[in-house]
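Please take these sequences and the hints and turn them into a complete structure.
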Amino acid sequence: MDSSPLAYGNEAERRYHLRRLDDLLEALERLNLAEAKELPAPVKARIEKEGITVEDGISFSRLIELVWAQQEKYLIDLKADRRKGSRRVGDGVVASHRVLDAFILGRLNLAGRRRRRMTG
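Here the sequence shown is numbered in our numbering, starting from 708 and rising by one per residue.
Just so you know, these hints were derived from the structure itself, not from any lab.
All figures in this text were calculated on a predicted structure; none of them were measured in a lab.
Be a bit skeptical, because a hint or two may be false.
Said to hold, decoys possible - Below, in silico cross-link-like pairs of lysine-lysine (DSS-like), each with a Cα-Cα straight-line distance of 30 Å or less: (1) Lys756 x Lys780; (2) Lys751 x Lys780; (3) Lys744 x Lys756.
Written as structure tokens, this is what we have:
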């Protein structure tokens, strides 16, 4: 990824644009698979609304590449995102059921051994 500024202001905006671009990709892929001859006007308008120039005679596969390139602005840079810490509320530590079960069983076994030592 390049070091250009982010194309979004918050997470909701980022997700909104990713969904719109995903919808465009799906429409273009379906048109490509159907071997359509022309780009429908509503799809062309949506593509241009995303800031992509649609030239006459452009192929569906080239449009798909251009939409992918546009999506990159909205993808999370994992290296930068790791520095922010956990996205979860709290300390970010979530124990699995297996870990919790092992902890509880271990505590119960330990308590049982203590009782046996005291009574026997």
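Evaluated hints:
Using a Cα cut-off of 30 Å, the hinted pair Lys756 and Lys780 holds, with the two alpha carbons roughly 15 Å apart. Under the criterion of a C-alpha separation no larger than 30 Å, the hint pairing Lys751 with Lys780 is consistent with the structure, at around 20 Å. Of the pairs offered as hints, the one joining Lys744 and Lys756 holds, with about 22 Å between alpha carbons and a cut-off of 30 Å not exceeded.
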